[in-house]
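Student: Residue strings, one per chain:
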Amino acid sequence: MEQRRILLCAGTGCISSGALKARDALLDELNKRGIADQFEIVSSGCHGFCEQGPLFVIHPEDIFYCRVQAEDIPELVEEYLINGRVVDRLLYMDPITNEHIKNHMEIGFYAKQNRRVLHNCGVIDPENIDEYLGSEGYVGLKNALHMEQVAIIDEMKKSGLRGRGGAGFPTGMKWDFTYKAKGKKKYIVCNADEGDPGAFMDRSVLEGDPHAVIEGMAIAAYAIGADEGYVYVRAEYPLAIKRLRLAITAANERGFLGNNILGTTFNFNLKIKEGAGAFVCGEETALLASIEGERGMPRPRPPFPANSGLWGKPTCLNNVETFANVPLIYRIGAEEYGKVGTERSKGTKVFALTGKINNTGLAEVPMGIPMREIIFDIGGGVQHGKKFKAVQIGGPSGGCLPEEQLDLPVDYDSLTAAGAMMGSGGLVVMDEDTCMVDLARYFLTFTQSESCGKCTPCREGTKRMLEILERITQGQGEPADIDALEELAESIKDSSLCGLGQTAPNPVLSTLRYFRHEYEEHIVEGKCRAGACSNLVTYHIDSENCIGCTVCAKNCPVNAITGERKQPHEIDQAACIKCGVCFEKCKFDAVKLK
Amino acid sequence: MTKVNITLNGQAVQVESGKTVLEAAQAVGIDIPTFCHDPELSKAGACRMCVVEVAGARNLPASCTTPVTEGMVIETESDRVINARKSILKLTWAGHPQDCLTCEKTGSCKLQDYSYRYDVDGSPYKGEVKEIPLDDTNPFFFRDLNKCILCGKCVRKCHEVNGAGAIDFMYRGFGTKVTTAFDDAIEESSCVFCGMCVDICPVGALTPKQGLNQGRAWEADKVLTTCPYCGSGCTFYLHVRDDKIVGVTPNFEGPMDGHLCVKGRFGWDFVDSPDRLKTPLIKKDGEFVEATWEEAMDLIASKFEGVRAQFGADAIAGLSSARTTNEENYLFQKLLRSMGTNNVDHCARL
Amino acid sequence: MSVCRNLDKLARTVIELAIKLHFIIWKRRLDTLKEVLKCYDEDPFDYGPADEILVKYQGQKGTMIPILQGIQEAYGYLPRQALEHTAKQLKVPFSRIFGVATFYAQFHLTPRGKNIIRVCQGTACHVRGAAKILAAMKEQLNLEVGGTSEDMKFTLESVACIGACGLAPVMMINNDTFGRLTPDKLADILKEF
Chain U
9 MEQRRILLCA GTGCISSGAL KARDALLDEL NKRGIADQFE IVSSGCHGFC
59 EQGPLFVIHP EDIFYCRVQA EDIPELVEEY LINGRVVDRL LYMDPITNEH
109 IKNHMEIGFY AKQNRRVLHN CGVIDPENID EYLGSEGYVG LKNALHMEQV
159 AIIDEMKKSG LRGRGGAGFP TGMKWDFTYK AKGKKKYIVC NADEGDPGAF
209 MDRSVLEGDP HAVIEGMAIA AYAIGADEGY VYVRAEYPLA IKRLRLAITA
259 ANERGFLGNN ILGTTFNFNL KIKEGAGAFV CGEETALLAS IEGERGMPRP
309 RPPFPANSGL WGKPTCLNNV ETFANVPLIY RIGAEEYGKV GTERSKGTKV
359 FALTGKINNT GLAEVPMGIP MREIIFDIGG GVQHGKKFKA VQIGGPSGGC
409 LPEEQLDLPV DYDSLTAAGA MMGSGGLVVM DEDTCMVDLA RYFLTFTQSE
459 SCGKCTPCRE GTKRMLEILE RITQGQGEPA DIDALEELAE SIKDSSLCGL
509 GQTAPNPVLS TLRYFRHEYE EHIVEGKCRA GACSNLVTYH IDSENCIGCT
559 VCAKNCPVNA ITGERKQPHE IDQAACIKCG VCFEKCKFDA VKLK
Chain W
12 MTKVNITLNG QAVQVESGKT VLEAAQAVGI DIPTFCHDPE LSKAGACRMC
62 VVEVAGARNL PASCTTPVTE GMVIETESDR VINARKSILK LTWAGHPQDC
112 LTCEKTGSCK LQDYSYRYDV DGSPYKGEVK EIPLDDTNPF FFRDLNKCIL
162 CGKCVRKCHE VNGAGAIDFM YRGFGTKVTT AFDDAIEESS CVFCGMCVDI
212 CPVGALTPKQ GLNQGRAWEA DKVLTTCPYC GSGCTFYLHV RDDKIVGVTP
262 NFEGPMDGHL CVKGRFGWDF VDSPDRLKTP LIKKDGEFVE ATWEEAMDLI
312 ASKFEGVRAQ FGADAIAGLS SARTTNEENY LFQKLLRSMG TNNVDHCARL
Chain P
82 MSVCRNLDKL ARTVIELAIK LHFIIWKRRL DTLKEVLKCY DEDPFDYGPA
132 DEILVKYQGQ KGTMIPILQG IQEAYGYLPR QALEHTAKQL KVPFSRIFGV
182 ATFYAQFHLT PRGKNIIRVC QGTACHVRGA AKILAAMKEQ LNLEVGGTSE
232 DMKFTLESVA CIGACGLAPV MMINNDTFGR LTPDKLADIL KEF
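Residue numbers (the working numbering), protein chains in the order written: chain U, 9 to 602; chain W, 12 to 361; chain P, 82 to 274.
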């Protein structure tokens, strides 16, 4: 009898949800029943559907079980693996139709995707190079090694691939600049310092398909004439680092890295550098400073890294997702690759869907599809049936798009025109309970604390913008504050040294563009319509509705609620930290927001 | 050297390729304000005061780091540029003490000069202000980090020119400050007190202790002189007011590019010391008595002759000084040899 | 460098032996020896782990950050002595090392608690109420962000996205992730530590 293949997601999200405990339980159970040899259990990378983790996909029938905990394993083995009866309660339930769905391609989340970069993620064992090779791995590199360097670069230009890290610079041009730069020693650097809060596609690619990144880097190295490369990974991604390290060792052993790659004279040695916790190191010159062991402070450009980068040598930097696109281009050709996407934004883009959305996870879609499809068809719409308010795209450097912009095609140029940006591809969905002023304040808090402190506009300007936003969210705003914010935003954008500063005001500018009335309400009426600005809201107990069940008092983390059993309770406003637990726990609608 | 054609404020200019926009502007007499630029140091592009408008560029690039390219059209004082500079000044003032009345730097402070030039009278932004205690623990200069604008020239001077590397940027973002490791007292760091950081500080964050409250920068006459401490020949300006030395500034055009050491930079209080000898003294009846140079020279010559006559020329030896020049040292050995001895030595042998 | 340190150990042993055999030594010499021994006692810092890391990276380029990461892993934080020692060995100004150590969020200059609580403040967590989780955690532990409890049991930190956005709001305690948090769940979780 042929072995059945059980793919379980061992990405960071699923591990956090208990995937490894469930895997151990499964192994135990199968051993206990003496049927372990009938199954091949593969710990794969991220399947993308983190919301539903831990995920188990069983082949050949492609059945998809989700939120499988260790205690569900005996039932799953008994009912399904042995008796072939589908365990309905572990199937995915469509949030709109409430139907159980068996096969993973029938789930809305997957059905609308076009998984090119992620095609191995969740399908192969990332720690086994043979599985990558079995999935046409390193074919792109073999093809490229038969081409002239110039031809490789031309092919890249023809593919239309643009940098997936944020700015969307054409990859082929970057390679060309570095290829033409004078100097014998050149470097390839992979930017895996994925710092945008709410973006985790690079982590998932490294965890789920590390060889794709290695192959992409090797092709780039051969094209530009580099013999040494670095992958700069955030230290917050220990699993990605571990899998990448294993993959590099395996690739070295099989001759895809190291000296005389695949029998040619091409040498390429790849090393990992772990970051140390600084968002600004996602900026290319700061990243290089960090690899060199300095403070991660951006350097003026020009000179661009293509001419003078790591240790002053020509250096080509691309991000993880960009490199992961490369093998495909040399496997199927630029022409075929370019058939997906739009004229000026070719290929696919991986988005991280988070926030108040039903299907949190990673979704890869063709460039140019409307934002609405991503959020409602793939993402399954807003949680708890609430009303959609806006989506933040591009993280702290990007902007938000309101409901009326949802039919916008998702590509580099349309997003920039609408005041947002592609960024690394984080999509954070907000509903009516999200305050847009508070959101702007949140992003400024982030950029402020991550500002390197080198240039005046960013160091001092983001600080003052944040102070103004803090005052507004605390109900101490003044009418002149909006003008001050706009004035500061313009000069910070105009005169900052690096991309972090130049884009830091974007969340403020875009929320001002689409949600100016919320700012005005905070300032003029002292009101936060979302109830998110805690200084502008207080919680009270309506003595009419309160039956004295004591649930609120029991759950209050700071014991601010007092009252006798069966008597109306009261909240001590001085002790209350406005966490909202009482509001959520009360079944009698007795806790009111004012 | 190839030349490129650029347009600066409407004026067609030919510049050597490889020059920065700032250098090109300076060459034709256009003044662009800078805080963090110093021709001797690596380029930081940090203060953003020197931003200019370049046709076709999305942002305002810093002129100190942007090389000229063929056909570049640059405006150095457009409305957009002026707004950005005003904004930088306002932001700088938001955290800077407004004590120009008593600040030692008044009159030679770039923040003050540029605020005047761009009509900025303080900051509209209220919020957190740094409160770092004044550091007066070393004998030579005050450090008032509340006045520091983080241009980083002192850091680069310390690492790139002096090599002492006593200070660096610490922490990050709004909390960034220039100080020693673990905020140790300057004296406990690797600082050698060359004072170059004090000389290039554009604001009142680093000010010399000597000359305190003894006059504004514009009240002193500046006298170019050569340092007497050694033979290197460093030149500097002595600031003189009412016949008293009240300060020193390096001569950046001089042979040593304005580099000084602790002695030349700070060690001039001996000039007006009451203990200083102004005439030779000759001991008569157990007491030193003032004498003329002729008397002193005659006495020395007669004593040398006496020794030579009695014990021979080899009984005489000469020790020269590191405070004299090469030429003087050369003449000194000539003198000794003319007296018939080869016993000549010099104290500087390390 | 480890040779030097071994010699130091040897010298120390010799001095200790000499003191034990004091009957053959003059009293004044004995006092001097005790003084010398005190110098050793004043710097009881164990440079061994730092030396091991420095040897590992000898002769390589751009090693400052990996060395600091290694030192922090060995000592739990970046002790001043280890940094000074590193500066000397790498021939890098002490100020520069301190500058790097204070730039990156990962590095800590003071010892931290036994359990590190990191409350995620990423965007996904923020819109799902991370600020309330952090406020409740501060209240529970009576600590500010970055603070360590007096009994050295907990250190409270915030972190910008750990990538577990599907479970938002989340926190990590050491290497365990706790997701779908609400303020009322915190007390029970803390009890486990």
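There could be a bad hint or two in this list.
Unchecked claim - From the structure, some residues in chain P lie toward chain U, with a derived Cβ separation under 8 Å: (1) 125; (2) 146; (3) 260.
For the record, the hints were derived by calculation from the structure and aren't laboratory data. We put the CB at the ideal spot given by N, CA and C, even for glycine.
Student: Work down the list of hints and note, for each, if the structure agrees.
Tutor: Evaluation of the provided hints:
Hint status for residue 125 of chain P: violated, given a least beta-carbon distance of 29 Å to chain U, over 8 Å. Proximity of residue 146 of chain P to chain U holds as hinted, the smallest CB-CB distance being about 5 Å (cut-off 8 Å). Here the hint on residue 260 of chain P is kept, as its CB sits about 6 Å from the closest CB of chain U, short of 8 Å.
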